[in-house]
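**Q** Now for the letters of each chain:
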Amino acid sequence: MNTPSDFRHQHASHCESGVMSAIVRHYGLPLSEPMALGLASAISFAYLPFVKLGGLPLVAYRMPPRAIIRGLQKPLGLKMRTETFRSAEKGRARLDALLDAGQVVGLQTSVFWLPYFPPDLRFHFNAHNVLAYGRDGDDYLLSDPVFEEPVRCASADLARARFARGVLAPKGLLYYPEGRPVEPDWQQAIPAAIRKTVRIMLRAPLPLIGVRGVERVARAVERLPAGEQVAQSKLFVGHLVRMQEEIGTGGGGFRYMYASFLEEAADRLARPAFADLAGELVEIGDGWREFALAAARMIRDRDPFDGPRLAALLRHQGQRERELFTRLDHATR
Amino acid sequence: MKAEDVPQEGNTTLGGQRKAMYARGADGRIGIVASQGWEAEEIVTRQAVEELERLAADARRRALAGETSPLEYHMYRARMDITLLSQVTGLWAWRVRRHLRPAVFARLSPALRARYAAALGIEPQRLDRLDP
Numbered sequence: 630m631n632t633p634s635d636f637r638h639q640h641a642s643h644c645e646s647g648v649m650s651a652i653v654r655h656y657g658l659p660l661s662e663p664m665a666l667g668l669a670s671a672i673s674f675a676y677l678p679f680v681k682l683g684g685l686p687l688v689a690y691r692m693p694p695r696a697i698i699r700g701l702q703k704p705l706g707l708k709m710r711t712e713t714f715r716s717a718e719k720g721r722a723r724l725d726a727l728l729d730a731g732q733v734v735g736l737q738t739s740v741f742w743l744p745y746f747p748p749d750l751r752f753h754f755n756a757h758n759v760l761a762y763g764r765d766g767d768d769y770l771l772s773d774p775v776f777e778e779p780v781r782c783a784s785a786d787l788a789r790a791r792f793a794r795g796v797l798a799p800k801g802l803l804y805y806p807e808g809r810p811v812e813p814d815w816q817q818a819i820p821a822a823i824r825k826t827v828r829i830m831l832r833a834p835l836p837l838i839g840v841r842g843v844e845r846v847a848r849a850v851e852r853l854p855a856g857e858q859v860a861q862s863k864l865f866v867g868h869l870v871r872m873q874e875e876i877g878t879g880g881g882g883f884r885y886m887y888a889s890f891l892e893e894a895a896d897r898l899a900r901p902a903f904a905d906l907a908g909e910l911v912e913i914g915d916g917w918r919e920f921a922l923a924a925a926r927m928i929r930d931r932d933p934f935d936g937p938r939l940a941a942l943l944r945h946q947g948q949r950e951r952e953l954f955t956r957l958d959h960a961t962r
Numbered sequence: 009m010k011a012e013d014v015p016q017e018g019n020t021t022l023g024g025q026r027k028a029m030y031a032r033g034a035d036g037r038i039g040i041v042a043s044q045g046w047e048a049e050e051i052v053t054r055q056a057v058e059e060l061e062r063l064a065a066d067a068r069r070r071a072l073a074g075e076t077s078p079l080e081y082h083m084y085r086a087r088m089d090i091t092l093l094s095q096v097t098g099l100w101a102w103r104v105r106r107h108l109r110p111a112v113f114a115r116l117s118p119a120l121r122a123r124y125a126a127a128l129g130i131e132p133q134r135l136d137r138l139d140p
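Quick mapping for you: the protein sequence lines, in order, are chains X and F.
The numbering of the first sequence is the numbering used here, which starts it at 630 and goes up by one.
The numbering of the second sequence is the numbering used here, which starts it at 9 and goes up by one.
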């Protein structure tokens with residue numbers, strides 16, 4: 630058995646922020662998961678109707694995969710080394726060499742091929758992040774942040790998961806830091822990260838990103854038919870809710886996690902205005918969950934399917950987020 | 009959301025796992041609370057799984073009636089669709105669609121059968137079988 634004895638697993642909400650905060654912590658700098666999300670400016674909203682996953686449009690409540698891995702480099706003065714591979718053999722050999730040298734290594738995987746996942750959650754989603762911290766015989770010892778305890782995975786299964794093909798194919802991606810993270814200048818790093826998020830949420834050049842994306846989804850939901858094609862309409866809103874609640878978001882589509890970041894920012898910078906905004910963002914997260922509940926009830930026919938009603942809830946969410954991020958913008962100045 | 013409002017409804021799709029959620033605790037701070045799941049979330053997950061199961065059962069019925077090839081059944085059983093199966097095998101989508109025709113599927117070369125089997129994570133001889 631080969632494990633760094635000092636590695637500590639920690640339960641997190643989201644895979645990428647969980648893995649990155651674990652790596653940074655392991656190499657000497659305590660960093661919470663919400664701080665990893667916030668410093669990397671990784672919260673967002675995107676609706677890309679022309680990118681289809683299983684016939685449904687791409688909807689995300691955050692920035693694209695790898696945004697946190699990349700986004701933490703500058704504030705933490707941390708160079709992240711990333712490697713992809715042509716063949717599974719080479720990918721495995723490199724991972725083994727790094728683990729034997731005592732590194733902890735981040736991996737991009739497909740959820741479908743990870744046997745330790747509950748069967749109902751095994752979809753073809755290729756951008757799930759886990760952390761490898763050792764091996765034991767044919768098993769890899771993994772810290773999967775969205776699980777409460779560390780897990781094990783046989784080498785053949787992990788190879789399948791790392792070399793799955795399709796949209797966002799991981800190509801065996803592994804990543805690890807070169808050197809150690811340094812404590813950032815919080816007074817500078819936090820406002821800069823928040824301003825970037827504000828820019829994306831309010832002033833993205835495409836009307837599909839940020840609060841304008843929320844409004845665009847609302848328009849699409851409003852037009853969903855209730856008659857004969859209601860099954861397809863229900864799949865669309867079910868998909869919206871799945872992306873918001875199920876894919877390791879900490880609830881409310883990352884809004885609660887970002888609220889926790891704002892609360893931490895308020896303490897670090899001694900700016901109580903951020904704590905007030907955190908409270909409002911928690912309420913916005915609650916609003917997202919009201920939308921999820923209303924949609925779920927319609928999916929199970931407890932309420933009749935009503936696109937305009939769901940659209941009104943979404944529009945309200947868009948409007949509240951517009952106000953919140955505008956006030957956040959002023960608070961950083 | 010307050011910590012005591014974090015749902016503990018025993019979402020069966022989590023397979024007994026608990027997930028980390030952020031909520032405001034009794035001390036007034038937002039932090040992680042382990043959740044046993046929420047019914048709304050269970051509903052949308054089951055909806056997606058049931059849709060794939062419905063497509064697989066429908067394909068199986070049509071394959072038994074000789075209207076489609078067993079490949080369509082195995083595709084949905086592996087939670088894929090034509091787009092994904094084409095990406096995973098590296099075959100054009102029109103070729104995959106053609107292989108869903110029973111007569112074409114019956115003449116498939118061993119190499120192509122091996123390619124499909126590997127993509128679907130099953131043995132090549134399993135491709136002809138329709139056991140659920």
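Among the hints, a few may not be true.
[What the hints assert, rightly or not] When the alpha-carbon atoms are kept at most 20 Å apart in a straight line, the in silico EDC-like pairs for lysine to aspartate or glutamate are as follows:
id	chain 1	residue 1	chain 2	residue 2
1	F	Lys10	X	Glu807
2	F	Lys10	X	Glu919
3	X	Lys708	X	Glu812
4	X	Lys703	X	Glu807
5	F	Lys10	X	Glu912
6	X	Lys681	F	Glu17
7	X	Lys719	X	Asp749
8	F	Lys10	X	Glu812
9	X	Lys681	F	Asp89
10	F	Lys10	X	Glu909
[Claimed, not checked] Covered stretches of chain F (in silico footprint by chain X; criterion: 3 or more residues with CB under 8 Å from a CB of chain X, positions within the stretch not fixed):
id	segment
11	56 to 64
12	70 to 77
13	109 to 115
14	129 to 140
Rather than coming from a laboratory, the hints here were simulated on the basis of the structure.
Quick reminder that beta carbons are idealized off the backbone N, C-alpha and C, glycines included.
**Q** Each hint: holds or not?
**A** We went through each hint and held it up to the structure:
A hinted pair counts as satisfied when its Cα atoms are at most 20 Å apart, and lysine 10 of chain F with glutamate 807 of chain X does not qualify at roughly 39 Å. Proximity of lysine 10 of chain F to glutamate 919 of chain X is assessed by CA-CA distance (about 15 Å); at most 20 Å being required, the pair is judged to hold. In summary, the hint linking lysine 708 of chain X to glutamate 812 of chain X is supported, as the alpha carbons are separated by about 14 Å, within the 20 Å threshold. The hinted pair formed by lysine 703 of chain X and glutamate 807 of chain X meets the criterion: a straight-line CA distance of about 13 Å does not exceed 20 Å.
This hinted pair checks out: lysine 10 of chain F and glutamate 912 of chain X have alpha carbons roughly 10 Å apart, not beyond 20 Å. Straight-line distance between C-alpha atoms of lysine 681 of chain X and glutamate 17 of chain F comes to about 32 Å, which puts the hinted pair past the 20 Å bound. For the hint pairing lysine 719 of chain X with aspartate 749 of chain X, the CA-to-CA distance comes to about 31 Å; that exceeds 20 Å, so the pair is violated. Restraint check: the Cα-Cα separation between lysine 10 of chain F and glutamate 812 of chain X comes to about 31 Å, which exceeds 20 Å; the hinted pair is violated.
Under the criterion of a C-alpha separation no larger than 20 Å, the hint pairing lysine 681 of chain X with aspartate 89 of chain F is consistent with the structure, at around 11 Å. In summary, the hint linking lysine 10 of chain F to glutamate 909 of chain X is supported, as the alpha carbons are separated by about 13 Å, within the 20 Å threshold. Beta-carbon proximity to chain X at under 8 Å applies to 3 residues in the segment 56 to 64 of chain F; the threshold of 3 is reached and the given coverage holds. Beta-carbon proximity to chain X at under 8 Å applies to 0 residues in the segment 70 to 77 of chain F; the threshold of 3 is not reached and the given coverage is violated.
Counting residues of the segment 109 to 115 of chain F whose C-beta sits closer than 8 Å to any C-beta of chain X gives 0, which falls short of three, so the coverage hint is violated. With 1 residues having a beta carbon nearer than 8 Å to a beta carbon of chain X, the segment 129 to 140 of chain F misses the requirement of three or more and the stated coverage is violated.
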